[in-house]
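Q: Here the protein sequences line up with chains Y and F, keeping their order.
According to the numbering used here, the first sequence is numbered sequentially starting from 54.
According to the numbering used here, the second sequence is numbered sequentially starting from 54.
Incorrect hints may appear among the rest.
Intra- or inter-copy, both count: the list cannot distinguish identical chains.
[Said to hold, decoys possible] In silico lysine to any residue, SDA-like type, Cα no more than 20 angstroms apart, as pairs:
1) K412 to G652
2) K554 to R580
3) K554 to S583
4) K554 to D582
Hints in this document: simulated from the structure, not taken from any laboratory.
There are 2 protein chains.
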Amino acid sequence: MTNEPKSAKRWIIGDPLPSHKLEGQLLPKRLALPIFASDPLSSVAYAPQELLMILLIGGLAFFSFAPWVAAAVILLLVVVVASYRQLVKAYPSGGGDYEVAHKNLGEKAGLVVASALLVDYVLTVAVSVASGVDNIISAIPQLNGFRVEMAIFFVIVLAAVNLRGVRESSKAFAIPTYVFVGSVLLMIVVGLSRTALGAPPVAESADYGVRAESLGQVAVILLLLRAFSSGCSALTGVEAIANGVPAFRRPKIQNAQRTLVLMGGIAITLFAGLTALALISGVHYAENGCELIGFANCDTTPQRSLMAQVASSVFGNNSIMFFVIQAATAAVLLLAANTAFNGFPLLGSVLASDSYAPKAMLTRGDRLVFSNGMILLALAATAILLVYQASLTNLIQLYIIGVFVSFTLGQSGMIVHWVKLLRSGTPDRGAVIRSLTINSFGALFTGVVLIVVTITKFTHGAWLVFVIMPVLYMFMLGINRYYRDVDKEIEVDPITTFGAKGDHAIVLVGRMQKPVLKALDYAIAARHDSLEAVHISIDDEQTLSLEKAWVDQNIAIPLRVIESPYRDVAEPLTAYIKKRREKHGSEVVTVYTPVYIVGHWWEALLHNHKSRRLRNRLMLVHGVTIALVPWLLDSTELIYGRRSRPLPGQERRGDPMRPVFRAHTPSDLPDSRQPNP
Amino acid sequence: MTNEPKSAKRWIIGDPLPSHKLEGQLLPKRLALPIFASDPLSSVAYAPQELLMILLIGGLAFFSFAPWVAAAVILLLVVVVASYRQLVKAYPSGGGDYEVAHKNLGEKAGLVVASALLVDYVLTVAVSVASGVDNIISAIPQLNGFRVEMAIFFVIVLAAVNLRGVRESSKAFAIPTYVFVGSVLLMIVVGLSRTALGAPPVAESADYGVRAESLGQVAVILLLLRAFSSGCSALTGVEAIANGVPAFRRPKIQNAQRTLVLMGGIAITLFAGLTALALISGVHYAENGCELIGFANCDTTPQRSLMAQVASSVFGNNSIMFFVIQAATAAVLLLAANTAFNGFPLLGSVLASDSYAPKAMLTRGDRLVFSNGMILLALAATAILLVYQASLTNLIQLYIIGVFVSFTLGQSGMIVHWVKLLRSGTPDRGAVIRSLTINSFGALFTGVVLIVVTITKFTHGAWLVFVIMPVLYMFMLGINRYYRDVDKEIEVDPITTFGAKGDHAIVLVGRMQKPVLKALDYAIAARHDSLEAVHISIDDEQTLSLEKAWVDQNIAIPLRVIESPYRDVAEPLTAYIKKRREKHGSEVVTVYTPVYIVGHWWEALLHNHKSRRLRNRLMLVHGVTIALVPWLLDSTELIYGRRSRPLPGQERRGDPMRPVFRAHTPSDLPDSRQPNP
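Isolated chain Y, as found in the complex (with noise of 0.2 angstroms):
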C-alpha cells in the first residue's frame, strides 16, 4: 500500500501533457505492452480464484483435478494467442473480430460479435472494479462495509478522469502494469524456491474444511467443466491487442505479434504461477465464507482474495510487499477497466462507419460523441454493480459468454477469409495453409468452449446476456435499415436540371440589436435581387421603438411590419412568404437570422431557441433557406484553448498525439463584434 497515494494520484491526474516528447510518434513496445496488456494480464487477478473456488464445491479432493484444469485453460489461452497472431496479420486495421465477422461470415454474425462486445466492455467495467475492490478490502478489511460504494465510486472517477481527456500512452499508465507482472513474479519466484527448499507457504486458509457434498458422475463432469469455464476468464482481453495494431511503431505486424506472445508467456507464467502457489499454500476460497468450516466471523469478515492470500503467505501478512502486491493487482484491475473506456466510443464509431450505429458516433474528434458513450457506458457498468451488488463472483458468470462468442465467430470467419485466400490462387499455399490449420483450431476450441460456457453458466445468470444481446442486435440492425431507407430516398435521379429561380432576402428583426444589424449587414453585401427587413409585430410599443430606431440608424433597406394578432412569429412569416411565391412564382427566399454563440455550457439554455423554432417551422415552407450570421458573444472567448485535450482510443487508432483541435491562438480569434469587419 505504501506506493499507492502517489501511483494513484498520478494515474488520475495523468502525466501533464508531455506532446512535444511523443507529437507524432506510435508506440513502442515497452508502452504497447502495458496499455494493449493490462486487460488481459489483470484477468490473472481473479481467474485461479475462481478457477478453485468452483472445484471447491465439489470438496478438497476436487483439487487434485485442478492442475488438469489449469493445463486445459493454459492450452486454450496458447491456442487463442496463436489464432490472433493470424488475424494481426490479415487484419492489421485494427477492426478485430467485428470487421473479421462481418466481412466473411457476413452482417447478421458481424453484428452478433458486436452485441457482444458491447456488452463485454459493459462487464470488463464491473468485473475489474469489483475484482479491484476486492483486493482493497483484503489490503484494508475495514473497508468492507463499502463494497459497492467503493466500486461506483471508482466507476465515476474513470468516468470523470476519461470524460476529461485522458492519454493511455503516459509512463503513468505503464508503471502499474510493470509493477504488477514484477512483483507477481517474484511472489512466485520466491514461493516455489521456499517449496523447493522445504519451507512452503501456508495461506490463513488453508486448514481449514468444507463440507462436500457428493457427487454424481454428470455432476463431477459439470462441475470441471465449470470449474475450466471460470477459469476460462484468464483470457479475458487477449483481443486488445488485435484491435490496436495501428498504433505500433512499423513493422507494425511484427511488433504486434511479437507483443502477443509476449503478453500470452507472461499471462501463462502469472497464471500457471500463481494457480500452483495457491495450491501449494492451500488457499481455500468459497462462494460463501461461511461453507468453510474453521473460518470464524464469517458473517463479519470478508474472505481475502486468492492472490492477498498467496501474498501474504509468501512475503509474510503485512509486509511490504504484500501491500505492493494489492495495491498493484487492484491498480492494474482498475486500469483493464480504463481500457473499456476506450474501446467503448472506438467501436461505436468503427459500427457508425457502416452504419449500425447513429452516423453521428462518426464524428472522430468530437469530445462530445465520446463523452456520451462514456456516460453511457458508466451508467450501465453502475446499474450492473449495484443490481450484483459488485459481487465478483456473480459478475464472472455474465462475463466470458461475450468474450467467446466473439473469439468463435472472429475465428470462424478467419477460417473463411484463408479458403478464400487459398481459392483465389494465393502464391504462398504453404503458410495459408499453416494459418487456416491454426484458426481451425483456434474456431473449434473456443466454439466448444463457448458451449460448454452457455451450458454451465446459464442457470447462474447469463440468461441475462442472452437477453440483452439480441436486444442490443435488433437495435443496430434498425438503425442500418434506417440508413438504407434513406439513403434510397434521396438517390440521386440519372440527370438532374437546376432550376430554382428568384432570390429573394429577408432579414428578420425583432429588436434594435447588433445581432441583427450584423445579418443586414451581409445580406446586403450578398446582394440579393431584393432584401427587406421584416417584423412580426407582437407588441404596438415594441414595434413602434424599433420602426423609431430603423430611422435613427438612418437604414435605407425597407422594414415591413407584419401584425400578429395572436402573438405567434412563424404563423405569419410562413403566411407571408407563401403569399409572396404565389405572387412572384416560386422563388427561393433567403431567411437572415442571428445565431449567438455561446461560451458556457449553460448559456445554450438561455438563447437561440426561439429562432431556432422559427427556423424549424420555416424550413417547412418551400423555397425557404435559412441564413445563418453568427454571433459571438463575449464569453465565447473561454472556448478557445480547451480543446486539445486526448481523445479515447487515439493511441489505439495509431494516431497518438495529433490534437484534433488545434489550439487557437488568440489572434485567430473571428471578431465578430461589428457588423462591418
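Dock chain F against chain Y, hints included.
A: Quick look at chain F alone, frame taken from chain Y:
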C-alpha cells in the same frame, strides 16, 4: 365507487376534441366555476381533518375550541375572497399576485411571490394527490400497502395526460367538481337533519380515547395557533380565479367576481358543515393512529379520512353514497393537482416575458416548452412524495407557507396600487378608499397568518420551503442579470456603417445525394459573385466516385477537393476559408449545407449531428454565414395534422380554442423532394 370507472375514464381520455362546439368561445360561469374551483374546493377535503387532528394532540377537551378555530378560518376566507374581488377589478389581465407584487412593490417582491408560487405548484400536486390517495384507501383499505406507489402513479398519469394535451374546458372536467359539491352538501344536510331529529350520526372512531398531554398556557396557545394554521389549508387555490379572468365571458370582471363569491360561499359551507358533522359524529383522527386508545390493529389498519368517517356515519358504511363521496373527493383532488400542470408553465411564460426565466419559455404555442415544465413539475412532486412517503400530514406542513407569502405580498401590492390611484386624483375616491380598506385588512390578516404559520410550522418541516425559495429567487435573479448584460453587450451604437464586402459561396458536398443537389440549386439561384462546390476528402475511394458522379451529372460548378489526412472535416475547411479571406480580403463567405427535416423524434438522433457540429465550428470563422437548405424526408408527412392539441393553461389565458398551429392540408406540404421546384 360505482360511477368512478366511467368518470375516471372520461377524465383520463377527455372529451375527444369537441372543437366545433366551443370554437372561439370563452368560458361560461358554469364551466369556469368547476375549472377554477376544483383547487380551492378540494382543500375542504383535508382542511377540517388537519385542524381537528392538531387539536386532538391537546386531548379531547380541546375539541371545544374547534368551532372558534374554524370560525377564524372562515373569517380569513371571507377576507381573502373580498380582497381578491378587488384584485380582479384592478388587474384583470390574469397576472395574479406575481403581477401585483412586481408592479407595485418592485422586482424583489415579485420574485419572492414567483418563487413562492413555483414551490406551491409542486406542493399542490403532492398534497392533492396524497389526499386523493388517502380517500381512495379509506374506501378500499386493501390498497393501504401501496400508498406511495399509487401517489406516484397518479402523478405520472397526470403528467402523461397533460403531455398529450388535455382540454380543461371539456365538460368531463366539470362533472367531478359538481358531483363533489352536490354529494357533500347532501351529506351535510342529511347529517344535520338527523342531528336535529335526535338521531345524530356516530363515527367509527367516536369511542376512541386519546392520551392527552398536560400543557402549559403558552403551549395551549401554540397548539391553537397550529390548529388554525392547519385549517388555513382550506384557503389554498383561492387565487386561481384571479389568474383566470381573461378566460371569462364578458363582462369579464363582474363574471369573475361573481364566480369568486360563489366559490367562497360554497367553500365556507362545505368547510363549516364538514367540521360540524365531524364534531357531532365524534370523529377522532390522530397524527399517528396508535395514539388513539381503543383503535385495534393500529399498526396495520390505516385511519380512515375524516371525509370517509363522516360519509360512512351519515350514509352507512359501504353504502352507495359513501362510495360516491369518496370517488368524487378523490376525483376533485386529482383535478386540483391537474390545475398545477396548467399553472406551472403559464407562470413560466410570464416570468420569461419579464426575463426571469429562459426566454424560450415565452414562445407560447410550443408544446416542447410546456413539456419540459410539466416533466420538471412531475419530477419535483414525485421526489417530494417519495421523501415524505405520501403522508398528507407531513406535506401539509410545507404547503401553506408559499400560499400566504403570495397572499400577503399580493395584498400589500394592492394597497400600494390604491394609494397611487388616490394620489393620482381618481374621480371615484369613495370606491378606491373602500377597496383600499378591504385590501389593507387582507394584507394585515394574511400577514399575521403568515407569521403564525411560519412560527408553528417551521420546525415541523416548513424550513425546507425557506431553503428552496431563496434558491429559486437567486436563480431567477441570475437569469435576469445575465439577459441584462447580454442586452447591453449587443446594444447598437448610435451610428452603424454597413460595410461587409465580397460574396463568395461554398456548397459543401459529402456524397452525391439529392439534398446536396438541392443546396447547389439554391446556391446557383442566389447568384453569388463566385460559387464553388467543396468536398473534404477523407476516403480516396469515396472522393473518386464523387468526382465521377459530378461529371456524370454534368454539373457546371467547379468541384474543389480538399485533402484531410486526419479524417476531420471542420479543420481543413476552416483553414481553407481563412486562407481565401487572407488572399481575397475580408469577404462574406456563405456556406451551403443541407438539413434533414424528420418526422419521428427518434430520427432526429440519426441525422444532422455531423453537419451541426461542422456548422458550429464554421460559425467561429470570421465572415462566414451558414445557409441551411432544408430537405424534407418522407417521414415528415407525419408531423402535419397532429399539432392542434390544446396547450396547458390555454383556457385560463382567454384564448380557449384557437389552435396555435393550424392544421396543414396535404396540398400545403412543401414538396422539396426535387431540387428544381
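Q: Hint numbers the structure violates, sorted upward?
A: Those not satisfied: there are none.
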